[in-house]
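Model the full assembly from the supplied sequences, consistent with the hints where possible.
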Amino acid sequence: MKSKRLGRRGLLKGGAAFVGGLAMGGLRPASAQESGSKLIHDANIRPLGEVSRFERKIVRGGFGGSNANALTPLQDLHGIITPADLHFYVNHENGATPDIDPRQHRLLIHGMVDRPVELTMDEIKTLPSVSRICFVECNGNSGSQFDKNAKTAQDIHGRSSCSEWTGVPLSLLLKEVGVQRGAEWVIAVAADPSRHAHSLPLAKAMDDAIVAYAQNGEALRLENGYPLRIILPGWSGRINVKWLNRIKLTDEPYMNRQETFAYMEQGPAGMGTYAYAGPKAFAYHHESFVKSIITFPSGGQRLPRRGIYEISGLAWSGAGVIRKVEVSTDNGKTWKDAQLQDPIIPYAFTRFRLGWKWDGGEAILQSRSTDERGNIQPTPQQVGGTPNPSSPNQVSIWGSDNSEACRSLLGDELCSKLPVRAQRSIIQSWKVNRDGTVVNPMPDMAGIAPALLNGAHDH
Amino acid sequence: MHWSRALVLVIALAAVTEALAQLPTYGVGRTPSAKEIRDQDITIGPSGKGLPEGRGTAVQGAAIFEKRCAHCHGVNGESEGQFPALSGPKARVVEYPFATTIWDFINSAMPRRVPDIGTRDGSLTAEEVYALTAFILYRNGIIKETDVLDAASLPKIKMPKRDPHLDKVAPH
Numbered sequence: 000m001k002s003k004r005l006g007r008r009g010l011l012k013g014g015a016a017f018v019g020g021l022a023m024g025g026l027r028p029a030s031a032q033e034s035g036s037k038l039i040h041d042a043n044i045r046p047l048g049e050v051s052r053f054e055r056k057i058v059r060g061g062f063g064g065s066n067a068n069a070l071t072p073l074q075d076l077h078g079i080i081t082p083a084d085l086h087f088y089v090n091h092e093n094g095a096t097p098d099i100d101p102r103q104h105r106l107l108i109h110g111m112v113d114r115p116v117e118l119t120m121d122e123i124k125t126l127p128s129v130s131r132i133c134f135v136e137c138n139g140n141s142g143s144q145f146d147k148n149a150k151t152a153q154d155i156h157g158r159s160s161c162s163e164w165t166g167v168p169l170s171l172l173l174k175e176v177g178v179q180r181g182a183e184w185v186i187a188v189a190a191d192p193s194r195h196a197h198s199l200p201l202a203k204a205m206d207d208a209i210v211a212y213a214q215n216g217e218a219l220r221l222e223n224g225y226p227l228r229i230i231l232p233g234w235s236g237r238i239n240v241k242w243l244n245r246i247k248l249t250d251e252p253y254m255n256r257q258e259t260f261a262y263m264e265q266g267p268a269g270m271g272t273y274a275y276a277g278p279k280a281f282a283y284h285h286e287s288f289v290k291s292i293i294t295f296p297s298g299g300q301r302l303p304r305r306g307i308y309e310i311s312g313l314a315w316s317g318a319g320v321i322r323k324v325e326v327s328t329d330n331g332k333t334w335k336d337a338q339l340q341d342p343i344i345p346y347a348f349t350r351f352r353l354g355w356k357w358d359g360g361e362a363i364l365q366s367r368s369t370d371e372r373g374n375i376q377p378t379p380q381q382v383g384g385t386p387n388p389s390s391p392n393q394v395s396i397w398g399s400d401n402s403e404a405c406r407s408l409l410g411d412e413l414c415s416k417l418p419v420r421a422q423r424s425i426i427q428s429w430k431v432n433r434d435g436t437v438v439n440p441m442p443d444m445a446g447i448a449p450a451l452l453n454g455a456h457d458h
Numbered sequence: 000m001h002w003s004r005a006l007v008l009v010i011a012l013a014a015v016t017e018a019l020a021q022l023p024t025y026g027v028g029r030t031p032s033a034k035e036i037r038d039q040d041i042t043i044g045p046s047g048k049g050l051p052e053g054r055g056t057a058v059q060g061a062a063i064f065e066k067r068c069a070h071c072h073g074v075n076g077e078s079e080g081q082f083p084a085l086s087g088p089k090a091r092v093v094e095y096p097f098a099t100t101i102w103d104f105i106n107s108a109m110p111r112r113v114p115d116i117g118t119r120d121g122s123l124t125a126e127e128v129y130a131l132t133a134f135i136l137y138r139n140g141i142i143k144e145t146d147v148l149d150a151a152s153l154p155k156i157k158m159p160k161r162d163p164h165l166d167k168v169a170p171h
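Residue numbers (numbering that gives the first Met the number 0), protein chains in the order written: chain B, 0 to 458; chain P, 0 to 171.
Since the hints were made in silico from the structure, they are not lab data.
The model shown is predicted, which means the values in this text are computed figures rather than measured ones.
Cβ coordinates follow ideal geometry from the N, Cα and C atoms, glycine included.
No incorrect hints appear here.
DEER-style ranges, computed between Cβ atoms:
no., chain 1, residue 1, chain 2, residue 2, range
1, B, L38, P, E35, 52 to 60 Å
2, B, D100, P, T24, 26 to 34 Å
3, P, K89, B, D100, 33 to 41 Å
Right, here's the structure in full:
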């Protein structure tokens, strides 16, 4: 290895076997590695820290593993922060990743502004900054729960990661350029081959959006948008535009490719009824739905003995704070409140834990989280029981949005019954077998709409 | 001081304060020229504001498509391979709510090189983008072969599956 740093990616490039989601949270020695402790004698202090040779199986990958699906190994991580090199990466460009020279990179802010401006990276970094911890989740995350090839937490839920992001508040930049009256939308554009662009309501941009250049204390990773990206706490991954080089203020949403088609929801009256219910369209399409998963014990792991364990997992919601996580060890018959690890941060992963005695029998483990708005994860039957009447292939549960923005565009009736993409939020079960192996069980199919069982691979 | 003069002074001060609040606090960055902005501003929305001059028809688009697009999207866009079909039974173009999205995506992201399709393969003129958009719309039965697409006609195209609620997003 030429590089002083034997990183996880370095290992993959070196041709080592790709093993996603196999590691056992330290319960099993890494048998493929040279065994035994030793000392490393290095004349020079290493410029970068190194991953232990016993931990190098913990890599991105997962179901459908390729560079188009570099999913986070959630089952092997602890606490709430995702190491930057394990942050998920979904690529729509057949693996082409921009490798941008920051000295040449510029951010242009224009459109309905008083003073268009072009900023260098150095200039951006001299502006007042903020840091916040929040998750970024792909809109298509958790869609493969009912796919028999999806076995681990990584396979099913690994398109979600949580980092500390640092950058300039977008509101500060917008005040600098002077947003003109009538501007209601921010179009964020990437310097990638497709010029990926997304429309963002001005209200969200002014609220808590960050133009970020750092991730967990260091510069953004290439795949996460180096040198500049947008972070929108709680909002679907594709809107968090990476490789950001242009911001345009407009009076209309631009309906760019990735926001009008694969990512559009089916509404009661057809396509896209509520995706753009107005400049303050917060409640539906943009937000990640409330979610939780048990990461230990989870699919692909094995309990070595009967006895006392700590069930541990992660919960998050695009609505803000996780209020409660309940855990069931009897297939949902009874539920107990799990302990939530402080600090509980809005739009961030929240770690939960609950002690459990495994008696050696079969058990179905589940977690169910509730967020600050009272959103709660549904069972498959709850979701499957209310298929969308106008679109048999789309399964929805219903939510409401009483904002003026929604009612002015859609009217009271539609806003009181909006479909929510809840199939992504369905309670995840893990089955513990008598031999201690843990698997993703195919659930009881009764009452589950066919669309759920198709794997839902659109985004 | 008469009360009315004092009031005028207060109003004047308030106006100055408000004007100051509109000024940049940090003043960093360079002011780009109008041409620099135009060159980068390649994204357009449903209203079609900012669409460049130029025009094209499906007849013209067919020849360009064969040369620049068919290597991925198949003859006449009827791809059977890994890249999206743009016409025929597998095409989902008709589901786009706005024709401007098709123009915008061709303009900002196409064409691509094979096999390294992550790389752009040159660029297209505005005329070519209008012609290609017309060709794809024609192949999907949305416009006629001889219909002329330009900055005025493109935003007015009614896509067949557009939800009427989205009319409030698009002015036409």
